[in-house]
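Participant: Please model the entire structure based on the sequences and the hints provided.
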Amino acid sequence: MKKLIKIVSVLLMFILVFLIVSIISLSLIRSKDLKKQKQYVKSLTSLYEDNYEQIGYDKFSKTDLRDQPLNKTRFLASHNSYKKRGSFIGRFLVGLGDSFKEARSLRYEYRPLTEQLQNGIFSFELDIRLRGDSFEVTHVPLVDNSSNSVNFKLALEEIDLFIENEDKTFPIIVLLEIKDDFMFLDPKLKKIGEEELIKLENDRISILGDKVYQPSELIGNNISLKDRVDKGWPTISELNNKVLFVIHAGKYSNLYSEVKNINEQVLFTSSYHDNISRNSVFIIHNQLNISTIQNLVDNNYMVRTRIGDTNGYSEEELNNALISKAQILTTDFSIARSDIKTYLYLEDKKYTIIVN
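Numbered per the numbering used here, the sequence shown spans residues 5 to 360.
In short, the hints are calculated from the structure, not lab data.
DSS-like cross-link-like pairs, simulated, lysine-lysine; straight-line CA separation at most 25 Å:
id, residue 1, residue 2
1, K329, K353
2, K63, K354
3, K157, K40
4, K264, K195
5, K157, K42
6, K36, K194
7, K76, K235
8, K157, K183
9, K183, K194
10, K183, K264
11, K157, K255
Facilitator: Structure, rendered in structure tokens:
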């Protein structure tokens, strides 16, 4: 009996030490990534000063896009656009806590936002969390926290620098998925309420200024955004060097709509297809239901859907996405990825933007 107790005690001690070491190791990932992000953003200043060759957007489409309304274009978007592969220990803990299939699905990594823009990816998805007094961008606290864009303000600076050094950019659409799950994994995380949503607004304006295209600009003298877009969306040239921020459909999108009048909003809200507000002209429809998406597109909504998932996609899924005419085509297999060599394109194996 004493021998059994000793074995159990040693085993428990081993588990405790393993957990402590794992937590310390995983916590250091965030600080290392933040340091790298600061260095990277600083290095961009030198990049742009050193005979920088502008990218534009013409080479990413075979069609002249200037006079095309935004909703008549379709373009690739990256999913969890900030994410880095993270550590084996983190995935191992995810496997223990959830499933090892889920853990394997986390093995993917993206280029920095600037490189994505330079390669024709003009739409991002960023997971926003409030840590202390700052907004951060991370997937799952602690266990899958490696990020190219830890600090949200620095990510905004990165986008701002790109636009400042380009005479002509395709409108950049940033989908913000505000998260409050797994907060117990990081005691510094805070819930986001009305005041924090206003702070989120202010962060954008403080960095990007009038580069942010706001709902109040779109609505004009119309009663609602839906009334406005039924008369036509702005063209690509009218949205030149602009960034549109869209809050992912759900409770935070609803809360923001309650907090701010449409004529005061800085951020766009989005809805699901079965609960559409007349001031939500962006629709999240990740399931590839062709007829539903086509109907939404025909009614002048901008629809975001997904091509496959983090584990892969099929040609059928790609074809269905194209048939649906959804405009924001999110995939984990575009040139935005840094850890694969074969990329998904929309046309001729090189174009990331096409016309509906």
